[in-house]
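Peer 1: Residue strings, one per chain:
Protein chains: 4
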Amino acid sequence: MEKQARTDLGRIVAFTDGVMAVAITLLVLNIEVPDVDGADLGQAMVDLLPSFGAYFLSFALVGRFWIVHHAMFERLRAFDGPLMALNLVFLSAICLIPFSADLFDRYDDEPIAAAVFGGILGVASFVNWYMHIHTLRAGLVKEEHRGATAVFASPVAFGFTALFLISVPLAFVTPILAEAVWISTIVLRYPLRRVSVRKSSS
Amino acid sequence: MEKQARTDLGRIVAFTDGVMAVAITLLVLNIEVPDVDGADLGQAMVDLLPSFGAYFLSFALVGRFWIVHHAMFERLRAFDGPLMALNLVFLSAICLIPFSADLFDRYDDEPIAAAVFGGILGVASFVNWYMHIHTLRAGLVKEEHRGATAVFASPVAFGFTALFLISVPLAFVTPILAEAVWISTIVLRYPLRRVSVRKSSS
Amino acid sequence: MEKQARTDLGRIVAFTDGVMAVAITLLVLNIEVPDVDGADLGQAMVDLLPSFGAYFLSFALVGRFWIVHHAMFERLRAFDGPLMALNLVFLSAICLIPFSADLFDRYDDEPIAAAVFGGILGVASFVNWYMHIHTLRAGLVKEEHRGATAVFASPVAFGFTALFLISVPLAFVTPILAEAVWISTIVLRYPLRRVSVRKSSS
Amino acid sequence: MEKQARTDLGRIVAFTDGVMAVAITLLVLNIEVPDVDGADLGQAMVDLLPSFGAYFLSFALVGRFWIVHHAMFERLRAFDGPLMALNLVFLSAICLIPFSADLFDRYDDEPIAAAVFGGILGVASFVNWYMHIHTLRAGLVKEEHRGATAVFASPVAFGFTALFLISVPLAFVTPILAEAVWISTIVLRYPLRRVSVRKSSS
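Residue numbers (my numbering), protein chains in the order written: chain A, 1 to 202; chain B, 1 to 202; chain C, 1 to 202; chain D, 1 to 202.
It should be emphasised that the hints constitute simulated quantities derived from the structure, not laboratory data.
Hints are not guaranteed to be accurate.
[Said to hold, decoys possible] As a list, the in silico SDA-like pairs of lysine to any residue whose alpha-carbon atoms are at most 20 Å apart:
id	chain 1	residue 1	chain 2	residue 2
1	A	142	A	74
2	C	142	C	11
3	B	142	D	9
4	A	142	B	10
5	B	142	D	11
6	C	142	C	82
7	A	142	A	81
8	D	142	C	10
9	D	142	C	11
10	A	142	A	70
11	A	142	A	77
12	C	142	A	11
13	A	142	B	9
14	B	142	D	10
15	A	142	B	11
Okay, chain A solo, but in the shape it has when bound:
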């Protein structure tokens, strides 16, 4: 069976961390320094508040993806080719988040912008969920951590992907609804983590 040992995991993780670190830092480029008269700077900063909001939201979303990814890889004892391919697909979705956040920020009234953001979050979340399933099936998870990973591979965990995917049609009702759903995923992830830890230690 084509598997490689835990030592090699380090470099996949380092590359993933690098990509996510760059992606999360690029989010700040979406907040553009205003080009106004000095006297109008106060108003210009107020006008920037939605951009700051989009920044912190995307930062929290990428941060959460990173935390979950971090936890998933800590529980692995090996990896295989499909996991590397899945990880690249995951990263290609993560790297689209700065673009989508910028799109959503500039067109905050347009359902399409929110739908694109929701769709990309949905894809990232789906691949992330599927990676948990794959690592379980392919026997890549350390024996003592199979319970914890199983929580993240469960239908309940798929709920996050479902929320992101549901935000796509909801965006066409009103973009604010879609945004509310994304924010909810940040809040909701906490309880899930607690469940996972309980199962892991039991």
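Following the hints, put chains B, C and D in place on chain A, whose structure we already have.
Peer 2: Chains B, C and D alone, transformed into the frame defined by chain A:
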């Protein structure tokens, strides 16, 4: 209790280093290559001097934040969920430094620009200070290093945060005063470090 | 003989991973947020589809280069000066991929744009292939992995370089043909990997 | 004495690698995708050749700085506060290289542009040289590697700094002369390395 071992700390640190490395390097994008006739390049470079000043100041500030973060994490023996969340909040403030430095550079006469920069530095500094307190309370610090961390969690160490926060109203007196305060934090951090080392080794 | 031990390899790998992580993330900067009326955003997103295509293709190509590089360095037991120099040349070609992908995306009908992209991929692939040969000749490969590295240093593996180089004249027939060739290299690499693993374990 | 052990060195090195990896990758942003009619793309690419030249030259220069830094830190057994400060100053100069390379590329006939590039290379080189001296004096170098580090701390090694500094006035004779000097430093570093290795192993 939901704590994870020191080995896992490596990846949080790697991610943090990655984000701070990108943020510190993005600072250079604020120095724009002038678009002038060749004959006017000399004058254009002189006009860029304040941008270079803002670059070196922000570089030093991010560099200092990195050094303190580095030292704090070296003294940990474990981490928990709240620390990861705090660290993300800290990083989201750090990533705003290239934006604020650019803002301050372009509007160097405007109190608001200096106030935004000071406010963001204040938030980063506050979260940093609170992380020290949290790691002590949650028992995440190695026994032999509790003294050193206590120095950074002390009211004296809060002085840095206070300085950054005080620079916000000071910016409305004159932005130069705010800038003077930021520079003082770079100079002042040295003595504190010395105290910390003495306590640590005693 | 001027060789250095395996521990030192870590930093070359970390630097390489950093460069490739930044390069792969910069690819997203090629997808520009449209500047249109809200009502035209739908059409604008459809117009962006080729940019997304170029993004995913380049992401997959850089991803593949990373996977092969990763595997090559895992099999090393030491490095030497020429390998470091070759690695820098390799990275300088990789860093040109965001530029070439952008060029190809904006001038997708122009043979020259496709030829430049193909040429840069060809150079990266050639240096990568030559690095395998060099590590074998200079005795840098761990004894048990010489077979696996030999597969990547073989004339068959040179086929990838040849495909990229052939895509340069093909671009002048039609750029689509060149693109088809690049896509084929992503699909074809899988079987080669399998051969390599078989040889390695036998 | 305020020194910290080798394990801690890892994170300084990781941060440095991150900064240098981002800086070296940002160099590609200086090559702008031309904005011309498709029919004029060939000529536009020819016009870009000097930009490619500046890209490869700066890539080689940052690459060399990285290799020397890498070697210096491999020979350390500890670090201290001044070394961290020096390293930050070094990095702040390295991060200016993408700016200076862009400046030099756009104003290739202007002595000032070449002088700025040469000056920044000179500062980076000087700090690098001084870091070798500091690590020797402060006893941070592993006993068995003191000979190798001494080579890089010698007046001969200062020659590189001198070459960069001399390129500043030479730029006012003609920028091409300054460029020739920079290229020479890439070629000349090889022999020095050889000397260092010989001393190290003797």
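Peer 1: Evaluate each hint against the coordinates.
Peer 2: Each hint, compared with the structure:
1. 142/A <-> 74/A: Distance of about 9 Å is within 20 Å: holds.
2. 142/C <-> 11/C: holds, 18 Å
3. 142/B <-> 9/D: Holds, because 19 Å separates the two Cα atoms, which is no more than 20 Å.
4. 142/A <-> 10/B: holds, 19 Å
5. 142/B <-> 11/D: holds, 18 Å
6. 142/C <-> 82/C: holds, 18 Å
7. 142/A <-> 81/A: Since the Cα atoms of residue 142/A and residue 81/A sit roughly 18 Å apart, the hinted pair holds (cutoff 20 Å).
8. 142/D <-> 10/C: Given pair residue 142/D, residue 10/C holds - Cα atoms ~19 Å apart, limit 20 Å.
9. 142/D <-> 11/C: Holds - the C-alpha atoms of residue 11/C and residue 142/D are around 18 Å apart, at most 20 Å.
10. 142/A <-> 70/A: Within the cut-off at roughly 15 Å; holds.
11. 142/A <-> 77/A: holds, 5 Å
12. 142/C <-> 11/A: Given pair residue 142/C, residue 11/A holds - Cα atoms ~18 Å apart, limit 20 Å.
13. 142/A <-> 9/B: holds, 19 Å
14. 142/B <-> 10/D: With a Cα-Cα distance of about 19 Å, the restraint between residue 142/B and residue 10/D holds, given a limit of 20 Å.
15. 142/A <-> 11/B: holds, 18 Å
The structure is consistent with each of the numbered hints, conforming to all of them.
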